[in-house]
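Novice: Given next are the chains, with one letter for each unit.
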Amino acid sequence: MSNILEVRDLVKRYEKDVLAVNRISFSVKEGEVFGFLGPNGAGKSTTISMITTLLTPTSGSVTLDGEDVVKNANSVRKTIGLVPQSLTADDELSGRENMRLQADLYGVPRKIAEERINELLGTVKLEEAADRRVDTYSGGMRKRLELAEGLIHRPKMLFLDEPTLGLDIQTREIIWEYIRKMKEESNMTVFLTTHYLEEADALCDRIAIIDEGEIKIIGTPAELKDSLGGDIINAIICEDTDLSGSILEMAGVSSAVREGFGYCIKTKDGERTEKDILAVSVREGWKIESISLHPPSINEVFLKYTGKSLRDEDRGSNRHEIRKQELQNIRRRG
Amino acid sequence: MREGTYVSQTLALVGRELKHWYRSKIQIFMMAAQPLIWLGLFGFAMDGLMRGFDQELDYFSFLCIGMIVVTALTASMTAGMSLVWDRRFGFLEKVRAAPIPRGVIPLSKIIATTVKAAIQSLLVLVMALLLGLDAGGLSAVSLTVIIISVVCVAMTFSSIFAALGLIIKNQEALMGINMLLNLPLMFASGAMFPTTALPEALRIVANANPLTYAADAIRNSWGGMSSMVSVQSLSLVGDLIVITAFALVMTGASMFFSRRTLRRE
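Heads up: the sequence lines are chains A and B, in that order.
Residue numbering for the first sequence follows our numbering, beginning at 1 and increasing consecutively.
Residue numbering for the second sequence follows our numbering, beginning at 1001 and increasing consecutively.
Mixed in with the good hints there might be a few duds.
For lysine-lysine, the following DSSO-like pairs were computed, each having C-alpha atoms within a straight-line distance of at most 30 Å [claimed, not checked]: (1) A:183 x A:216; (2) A:275 x A:216; (3) B:1169 x B:1025; (4) A:156 x A:216; (5) A:111 x A:183; (6) A:156 x A:111; (7) A:71 x A:125; (8) A:71 x B:1025; (9) B:1019 x A:78; (10) A:183 x A:16; (11) B:1025 x A:16; (12) A:181 x A:71; (13) A:125 x B:1019; (14) A:16 x A:78; (15) A:78 x B:1169; (16) B:1169 x A:111; (17) A:125 x A:181; (18) A:111 x A:181.
Anything over 10 Å on all C-beta distances counts as not near chain B; from chain A, calculated [said to hold, decoys possible]: (19) 92; (20) 214; (21) 250.
These stretches of chain B come out as covered by chain A in the derived footprint (C-beta under 8 Å, 3 or more residues) [stated by the list, open to error]: (22) 1007-1014; (23) 1080-1094; (24) 1098-1107.
Since the hints were derived computationally from the structure, they do not count as laboratory data.
Glycine is no exception: its CB is placed at the ideal position from the N, C-alpha and C atoms.
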């Protein structure tokens, strides 16, 4: 597979000394679903804005489908579809009118456009609301409309900036389903930024974790998990003596931490260590209350490379939603 | 991209603006109410006052013509505000992400604003006739001149305000600038008063103001009013050349400037 996107030494420096993106390089293969994962302010949106021609890089180069995004911006814009983080539909027009406007802006001939509009509105389950003004839509409906708009010109590469942020389950399902369908049926490349780890894990062929403007690690979800160095075993053993020393002696175990009767064990090969513990417990007569094996999740990968927990993130996203709501209220009043 | 797409892109954006406009009942009401108040209150009150200086001057008729061009100016100011709103609500980002030449963004605002301004100004003409403007001056020529003048005024000023709307991203600040510019543009011109009545310094400003020439063009074409024009040295054709030049230069400058500004973001 050839690369559809090549990013080389990309830098974005805002006024003074704010370095939003610090010399990042990566490439995306044609047809893959590529995830950009990182906490708020990591540089995800800045990067996506530079790739999608909305922001001029300070230095470095971005080539999309063979075209330079700065020199041949309009060719790049035709190749890509963008579903931005903010809601950009015109809320004084109906959903269908927004779709028609988008089709005109992307030069889709009227006849073809009408067919596609009906098809896409069906895909995102907005047929019934299609002729209603967008300001009567819920947040989820608006996001689905954004997705449909981003696909009107059949882009080669689709950019989804936080596609499921703060959305209801139905909308999230529709978007996930659509991305999976795309992966199976077409050769469209999908680039998505998210801070929902399960989302990245479930959908992406490859993931890059970005923090403080730098890419910390890049690879398939399996590779990222392997990079943690193994599995985690949680066990509750009702013995008064500290058994962590004995566990640590077992093959592959890199750490064993005791807290009361609970043990948290990190090991290269979880299944083997689990068997070892059970074997020793039979021999030594340990009373095992419970034992469970946890393969590493993207969650732990994220924590390791960014040192940040995701709870902070959700607070950030709420703030964004509230701001949007405020603006809408102001507009209605004005 | 297929031929003629730039035209359909521009028209799509113009269509969007016009849909907003005719669907907004309050805007339509305001559009009719404001000039009515000007003509009804200011026009009749000042008419008596002005006759104290000059028995011959039909100030009401003079002001009616002035209001037609001033309405075009006021309508043009919305070009900037609507760009600020587009930015705030993310719509500008959508347009910037689309494969359209950057100049289409201000151009579609300028065209839409000009269409709105022309309709508003013609409405003022109708109201003026109803309130007592002498219909004797109305002819195919004067009607054509009114449309050309109003279109040129709207193109000139919506170009300026569209460019301002791109630099000044804050709506309060832009509203302040609108108010600050509105009065001097209106009064330092031949629209509201004959410039011969203005002090020397203001007259110089008025002579550089396209509103003066737009009002003059209409008065030159309106039977019985040509003695009231501000710039006596220019004929109707001269006035039209001046305002057309203003309109084309400002539209070009606005598109050039906006292209640079939008690219640098």
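Novice: State for each hint whether it applies.
Specialist: Verification of the supplied hints:
At roughly 26 Å between alpha-carbon atoms, residue 183 of chain A and residue 216 of chain A fall within 30 Å of each other, so this suggested pair holds. The suggested pairing of residue 275 of chain A with residue 216 of chain A is violated, with an alpha-carbon distance near 34 Å, which exceeds 30 Å. Using a Cα cut-off of 30 Å, the hinted pair residue 1169 of chain B and residue 1025 of chain B holds, with the two alpha carbons roughly 27 Å apart. Using a Cα cut-off of 30 Å, the hinted pair residue 156 of chain A and residue 216 of chain A holds, with the two alpha carbons roughly 27 Å apart.
Straight-line distance between C-alpha atoms of residue 111 of chain A and residue 183 of chain A comes to about 27 Å, which keeps the hinted pair within the 30 Å bound. Annotation: proposed proximity of residue 156 of chain A to residue 111 of chain A holds, straight-line Cα distance about 21 Å (limit 30 Å). Taken as a hint, the residue 71 of chain A and residue 125 of chain A pair is broken in the structure, with Cα atoms around 38 Å apart against an allowance of 30 Å. About 44 Å separates the Cα atoms of residue 71 of chain A and residue 1025 of chain B, which puts this hinted pair outside 30 Å; it is violated.
Straight-line distance between C-alpha atoms of residue 1019 of chain B and residue 78 of chain A comes to about 26 Å, which keeps the hinted pair within the 30 Å bound. The hinted pair formed by residue 183 of chain A and residue 16 of chain A fails the criterion: a straight-line CA distance of about 42 Å is larger than 30 Å. Taken as a hint, the residue 1025 of chain B and residue 16 of chain A pair is broken in the structure, with Cα atoms around 47 Å apart against an allowance of 30 Å. Our distance criterion of 30 Å between C-alpha atoms is broken by residue 181 of chain A and residue 71 of chain A, whose separation comes to about 33 Å.
For the suggested pair residue 125 of chain A and residue 1019 of chain B, the alpha carbons sit about 26 Å apart, so the restraint of at most 30 Å is met. A hinted pair counts as satisfied when its Cα atoms are at most 30 Å apart, and residue 16 of chain A with residue 78 of chain A does not qualify at roughly 34 Å. A C-alpha spacing of about 28 Å is found between residue 78 of chain A and residue 1169 of chain B, which places the hinted pair at or below 30 Å, so the restraint holds. The hinted pair formed by residue 1169 of chain B and residue 111 of chain A fails the criterion: a straight-line CA distance of about 38 Å is larger than 30 Å.
For a cut-off of 30 Å, the pair hint linking residue 125 of chain A to residue 181 of chain A stands: about 15 Å separates their Cα positions. A distance of roughly 25 Å separates the Cα atoms of residue 111 of chain A and residue 181 of chain A; the hinted pair therefore holds under the 30 Å criterion. The claim that residue 92 of chain A lies off the interface is violated: its Cβ sits roughly 5 Å from the closest Cβ of chain B, which falls inside the 10 Å cut-off. Against the 10 Å criterion, residue 214 of chain A stays outside the reach of chain B, whose nearest CB is about 24 Å from its own CB.
Chain B leaves residue 250 of chain A outside its interface by the beta-carbon criterion, the shortest separation being 56 Å against a cut-off of 10 Å. Figure legend: the stretch 1007-1014 of chain B, annotated as covered by chain A; annotation consistent (5 residues with Cβ-Cβ distances under 8 Å, at least 3 required). For the stretch 1080-1094 of chain B, the assignment as covered by chain A holds, since 7 residues bring a beta-carbon within under 8 Å of that chain's beta-carbons and 3 suffice. Check result for the stretch 1098-1107 of chain B against chain A: holds, 4 residues qualifying (beta carbon to beta carbon below 8 Å, three or more required).
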